[in-house]
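Participant: Protein chains in written order, with my numbering: chain A, 7 to 490; chain B, 444 to 936.
Since the hints were made in silico from the structure, they are not lab data.
Every value quoted in this text rests on a predicted model; they were computed, and no experiment measured them.
The beta carbon of each residue, even a glycine, is placed where N, CA and C say it ideally should be.
Be careful, since some hints might not be right.
Stretch by stretch, here's where chain A covers chain B in the computed footprint (C-beta under 8 angstroms, at least three residues) [as the list claims (entries may be wrong)]: (1) 577-589; (2) 841-847; (3) 870-883.
Take a look at the letters that make up each chain.
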Amino acid sequence: MIRGIRHTAAFSFLLLTALLVNAVRVQVFEAEGYTGNPANRRTAIARYAQPRGAVVVGGHPVTGSRDSGGRLRYERTYTDGPLYAPLTGFASQQYGTSLLESSEDGILAGTDDRLVVFPWWDGLIHRRPPGGRVETTVNPAMQRAAYHGLAGRKGAVVAVEPRTGRVLALVSSPSYDPGELSGNGRSVTGAWRRLNEAADRPMLNRALRQTYPPGSVFKVVTAAAALDSGLVKDLDAPLDVPDPYTLPDTRTQLGNPTEGCEHVSLREAFRLSCNTVFARLGVGVGERGMAEAAQRFGFNDRGLRIPSPVAPSTFDTRMHPAQLALSAIGQYDTAATPLQMAMVAAAVANDGQLTPPYLVERVTDAHGVMVATGARRPTRQVMNPATAEQLQEMMAEVVEHGSGRTAAIDGFVVGGKTGTAQHGVRNEGTPYAWFIAWVRDRQSHEPLSAVAVVVEDAEAEREDISGGGSAGPIARAVMAAGLR
Amino acid sequence: MGDMGEMQRFACYVAGMDVADRPDAAEARAQAAGNGRAAGAPPAPPRPKRRGVELALLVGAVLISFCGYLAVGLARTHAVPAGALRYAAGLGGLALLAHLVVRFGAPYADPLLLPTGVLLNGLGLVLIFRLDLETPADHAAPAQLVWSTVGVALFIAVVAALRDHRVLQRYAYGCAGLALALMVAPILFPAVNGARIWIRAAGFSLQPGEFAKVLITVFFAAYLAANREALADTGKAVWRLRLPAAQVLGPVVAIWLVSVGVLVLERDLGTSLLFFGVFVVLLYVATGRTGWIAVGVLLAAAGAAAVGTLEPHVHGRVQDWLHPFAGIAAGRGPGQLAQSLFAFAAGGTFGTGLGLGHSSLIGFARKSDFILATLGEELGLAGLSALFLLYALLAACGYRAALGLRDPFGSLLAVGLAVLPALQVFVIAGGVMGLIPLTGMAMPFLAQGGSSVVTNWIIVALLVRITDRARGPRPDAPARQARAAPDALGAVR
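The shape of chain B in the complex, shown without the other chains:
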């Protein structure tokens, strides 16, 4: 790493001007035209692996996080925080381990994925460490560090154990069953803050709905990949929509309905919104029918209107969004959303600097749902834009892999795993910034919450695996792929 040629190629890569990219895109188009069976195309030359770029970016990501940690300490106590070196060593060690596993287990993986994950996770730890200073009784950073370690460990496990993402296709229904079980489980446990989405045992709290997100996405991708022709081309035509036969659409709608129903019962509307979004997007990508989008938007609008008027909790959120300062006028003082807006506004263009803001005025959920406000206040519009671009980069890796892959399952899975964090970031960031009504949801990697961090690392691991396949050499891809799909879900046809 470090030589000029490598860096130049990296710059080209980031700018999307990679020469090696062009033939592949053309190939992908050919593949689309040939419906995935362009067997005659010559194999593209293998692309550079770029593991050196990944390592360099990882060093940068760890350094940035370390500097953030130092900045908080210097701003608050005028001293280097006690555990600074240990923190840097810990994060650096985790990053190095993950890098080695990728280097040997998925050498063609997109070099941007792992550094993006490490940087986001590192920033999240810095922000939580910073907010811990405001709440001496409640320190969340150590636990978050443990969960990050667990997350990286799972990342390593997934990359090492899952040699081919297409294996997942075989376990589609298993995934669906497990996801439903995970979602149902919290009903047996007491509600926390009005929502039954946690499992609490032995001092740990898990949010199984977070894991369910990935499993459900895997199921949707597998099912739609197997049945997309049936969904798109059979059945009665109604307007721009071709209603597929009930036995084709039935299982997926049923599972979707059950999952949404369970979530509504648990008062976790953010996650159900997410499921719905992923489902509609994947349905559209699989079938290519814009009608599904219309149906999806109509259903979403109807659902939102119904829930917004019937559910007092949600109704209140909508009112807050429309009138964030109503509480002040009524003499109750600024509400959470108003405090959040104050925090973002206080940040301005360049922010107050880490450790120097007052986002803790937000109060409850300052480290989880509202953690973005701390970043917005202390790093300003500049930092916030950089953060959004990091998430965009993550999603872009997914879309790029989806375009490069030849198997429909892989493409759909990649799209699903890219859309998942993208929607999540939009819903929670838009919520805390007054763009849309607030829905409780974790900012991926940033927010306090072990389940969320672990899940995000699994998402990155799956994307690493998929991009490795998409960018790597494909000696006999068409043949194997043709066999793989019917194996798993042929019975449904």
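With the rest of the complex left out, here is chain A:
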């Protein structure tokens, strides 16, 4: 009997050992796999267990958090949802995050290692730092001016500070309220479906993610290429370009919407926005030279992030000369985001130096202690300073005497370029009205801001003037708001 009892005790000990070994397996060795299982809601519960950090514009948070009382406790709120949606994006419990909410998610959710002060201790007591703050570069007055300028029309506005690359305004219209997507449940599903199915695509970020044919505003790039390459040495020397101009190796004749483009100087051609002259200059610079010039401004760059990823603007690198001619006037396959064209204007205003744009000034922890500055890329020379000076001169004339008069601001030097881009099969879509501009202090010559405006459904004739008509006043309002 003693033996039997001992064996039974040993058997119990064996069972105990099996339980302990299995516990170590589940709780230590396989724990990571279980915790990482997408069906395990603990990750989500922990993520929403505390208020999300704030996105700050002009010193004031534009986001907040609401205690939903549910299992996923805190939901995102937005003070001016539609106004700032193009920069904040949404933070949804059901559909993930976008834009700044996505690229700065670690800071906002409090999961970023940089927020942890005492890693070992915090890990031991399971403390999670509160979400940090993301301070943006946006100027609220300019943002509002841009938003109200577009007034719900389809389009986008981007303003940057030329010297620093700070993004001052970033508007896409029509917009949406990201707060509708914050939580989970039926209302969120419904809002998601409605916003995605809406004909005017409010969730499309037209400033960063949509490329448009730039049309005549691309002539700034073509002019820079022509001047930089030495093809044009004197702004006032008449150029040998007929009107109409026959595209190379074809019988297609390219005309101009305005009179007076035959054998004009570059200065006149720029003011009148002569298609013939710039098509010819593009062919003269050559495919390689044009592509290189465009790429220096940022075309064909797939890696641009502000820190939200920006759709690459395109300029073809393998083309027939006739296609090159059309590309040089911003047609054919040339396409640019509003942000890209704001960068072109900024480079001109900043004497040929381009500072890649950025949206995050700095990130701090919840108490305002700085964690990091926003990611920045170095300034680069994209054209000769002399070329930039000539372009500034020509762009200022467009505002003083040409199609850009609507953008003039008293007491400041404003330069601009209008554009109307045709699109669609046989160009029958409503043309896009473009306007790019910059404003400079008259005394110090310091460039104050550079703006790009696109209005998609401009109620306009197919003339260059429409760029000035629809988009010009918006650009002016945005720049003026930054001067106050």
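Please build the complex by placing chain B on the supplied structure of chain A, with the hints as guidance.
Facilitator: Frame of chain A; chain B shown alone:
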């Protein structure tokens, strides 16, 4: 209590190095050799009673439970929970009463039994109180506290009324009859969640199968103690097994079959597995024949295979065990077992802290069958190991008493009462942690369920009584024991 000498002796005791232990073990071996009739051995000197150690451990057990209660409140509401002091006073009062009864009624009882029971019960109350916070509509802790009180009251009653465990031997068949009646009773009541194991009346629900466990164990122990020579040494020899005569084995097999049959009809496979396990273990201990283990394992395997393929409910459990994440892959979301594994994994080594886990995601049965997941998540591997060791301690007390006793009935009963919770813990803990297929069963003392708590207190009470006998002075034990056994079951021989 509290002086250094006492504590040192306690440390030695826990480490198993008690000097007083050695002569007794030798004595026990002598007893085994002499087939329980070593009348000539001089009586061992009485061992220290260690009631002071028990009281100190009880204070510790109540304090730990109280701290757990506070921790839940502080973690969840940043405030001391309203009834904290009342809770501590209640648990402490119960523990003190039980201690006094043991001090005067069973002064030589193993000092680890009562504190272990109080600590397990206290932890169970903390966990249920904690899970109540997740289910505002369904508060189980108050009822569990009432049942714990009933359990302690029965503990006191058993310790006070049952002066000698050998008395039970006389009522072996009475126990068997009562157990069968208790098991049959729920068939008359409506099924709950597919199993007919509850009696519901006047807002209370009882699970009579829980009580039947103890009664059946008493019967097995008594019957096997009376007939073990016949079982071991008579009958035809087949391989390593000596098949006893039908009239010897008949009654016990019949009662076992009836009980298992009733349980299968009621869909309570966990309990029937438990009965089977206890039966096989006791048969082996009584006869010393390893062949019984082989037979038992073969029967268990055959039964498991049959039930696993024929019974869709059980088949599903086996599939869940093999593929706990099949539901996720099929788009139905994680099942209970997957949620349970997630909970254990979330606990890691040190746990999230009481009140800070999310084991309520398990859903149904989170307070009963799956309560271990809450402990695993919030106290981690550290807490879980400590809990398993507490159960091991409980079982060890039983085995220690079984080795120390001179009467076969007492030894068998002690082994049965030790194996019962040990098997139960293994089956349910292994089930919720993915070690074996899940079988619905209560975690002893921890899980929500009045019948289970009460039964466990009765088990502890019986162990207190038996250990008191095993550790206490035995002036004329051999003589009385020799008379006691044939009295009860002599007729069977």
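Participant: Next step is simple, just say for each hint if it's right about the structure.
Facilitator: Hints versus structure:
no.	hint	in the structure
1	577-589	violated (count 0)
2	841-847	holds (count 3)
3	870-883	holds (count 5)
Consistency with the previously given hints fails for number 1 only.
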